[in-house]
Amino acid sequence: QSALTQPASVSGSPGQSITISCTGTSSDIGSYNLVSWYQQHPGKAPKVILYEVIKRPSGVSNRFSGSKSGNTASLTISGLQAEDEADYYCCSYAGFYIPYVFGTGTKVTVL
Amino acid sequence: QVQLVESGGGLVKPGGSLRLSCAASGFTFSDYYMSWIRQAPGKGLEWVSYISSGGTTIYYADSVRGRFTISRDNAKNSLYLQMNSLRAEDTAVYYCARVPRPDLYAFDIWGQGATVTVSS
Numbered sequence: 001q002s003a004l005t006q007p008a009s010v011s012g013s014p015g016q017s018i019t020i021s022c023t024g025t026s027s028d029i030g031s032y033n034l035v036s037w038y039q040q041h042p043g044k045a046p047k048v049i050l051y052e053v054i055k056r057p058s059g060v061s062n063r064f065s066g067s068k069s070g071n072t073a074s075l076t077i078s079g080l081q082a083e084d085e086a087d088y089y090c091c092s093y094a095g096f097y098i099p100y101v102f103g104t105g106t107k108v109t110v111l
Numbered sequence: 001q002v003q004l005v006e007s008g009g010g011l012v013k014p015g016g017s018l019r020l021s022c023a024a025s026g027f028t029f030s031d032y033y034m035s036w037i038r039q040a041p042g043k044g045l046e047w048v049s050y051i052s053s054g055g056t057t058i059y060y061a062d063s064v065r066g067r068f069t070i071s072r073d074n075a076k077n078s079l080y081l082q083m084n085s086l087r088a089e090d091t092a093v094y095y096c097a098r099v100p101r102p103d104l105y106a107f108d109i110w111g112q113g114a115t116v117t118v119s120s
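So the protein sequences, as listed, match chains A and B. Terminal number for the first sequence in the numbering used here: 111, no gaps in between. Terminal number for the second sequence in the numbering used here: 120, no gaps in between.
Worth flagging that the hints you see were computed from the coordinates, not collected in a lab. Here a beta-carbon is modelled for each residue, glycine too, at the ideal position from N, C-alpha and C. Accuracy of the hints is not assured; some may be wrong.
[Claimed, not checked] Reference listing, derived: stretches of chain A covered by chain B, where coverage requires no fewer than 3 residues with Cβ under 8 Å from a Cβ of chain B:
no., segment
1, 14-28
2, 93-107
[Claimed, not checked] As a list, the in silico EDC-like pairs of lysine to aspartate or glutamate whose alpha-carbon atoms are at most 20 Å apart:
no., chain 1, residue 1, chain 2, residue 2
3, A, K55, B, D108
4, A, K68, B, E89
5, A, K107, B, E46
6, B, K43, A, E52
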């Protein structure tokens, strides 16, 4: 099972919106609405910010939103803030024996 | 306070063994599926293994199958990862993580991580 493909880096100015793509296959993202997204600040554990493509856990800012089309999921961060500077990883259910596959990760820089 | 705390990391020689532990608190551990996820230095996240709440269903990534064993002791609120035949490429921070629902396939609570270094 290969890792999902994400852009290595995305940047934006404060207040702008950015979108991070996560491309998989018809065996993972394309077949299930079980994509989650994680934010990881340097030296810290990841934190879930979206699950089941579009759902936000309690306490997560509504500036984070998700979508999916075909084999590609996307995370949009609107009203970019300095605290959003972090690494972001997507993750998808990938089937019975290898249930999880992560994305390659995207470093978000706030200019 | 819901919390996961890993322990047992360290430096080990190639071919050696190590056992990681993850202590859970603040929730009913026996109700939840759990996973191990690792992150090599400067690299991305890699799912390693998964165990059902009762320990009857277990899956492994291809990269560790046959060398790593996941287990749990619900009476002790603890998750384990026995790592044998360790290789340099197993060097990583190992996180334990909680699966909020069996059908959700996401991770809602993460530990702080345990560092494993495989080097001669």
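Given pair status - B:D108, A:K55, alpha carbons within 20 Å: Distance of about 12 Å is within 20 Å: holds.
Taking 20 Å as the top limit, are the C-alpha atoms of B:K43 and A:E52 close enough? Measuring from Cα to Cα gives roughly 25 Å; hence the hint is violated.
Under a C-beta cut-off of less than 8 Å, do 3 or more residues of the segment 93-107 of chain A approach chain B closely enough to confirm the stated coverage? holds (count 10)
Taking beta carbons only, do three or more residues of the segment 14-28 of chain A come closer than 8 Å to chain B? violated (count 0)
Checking one constraint from the list: CA of A:K107 to CA of B:E46, max 20 Å. Satisfied? It holds: about 17 Å lies between the C-alpha atoms, which stays within 20 Å.
Does the alpha-carbon distance linking A:K68 and B:E89 stay inside the 20 Å limit? violated (33 Å)
Going through the hint list in order, the structure does not satisfy hints 1, 4, 6.
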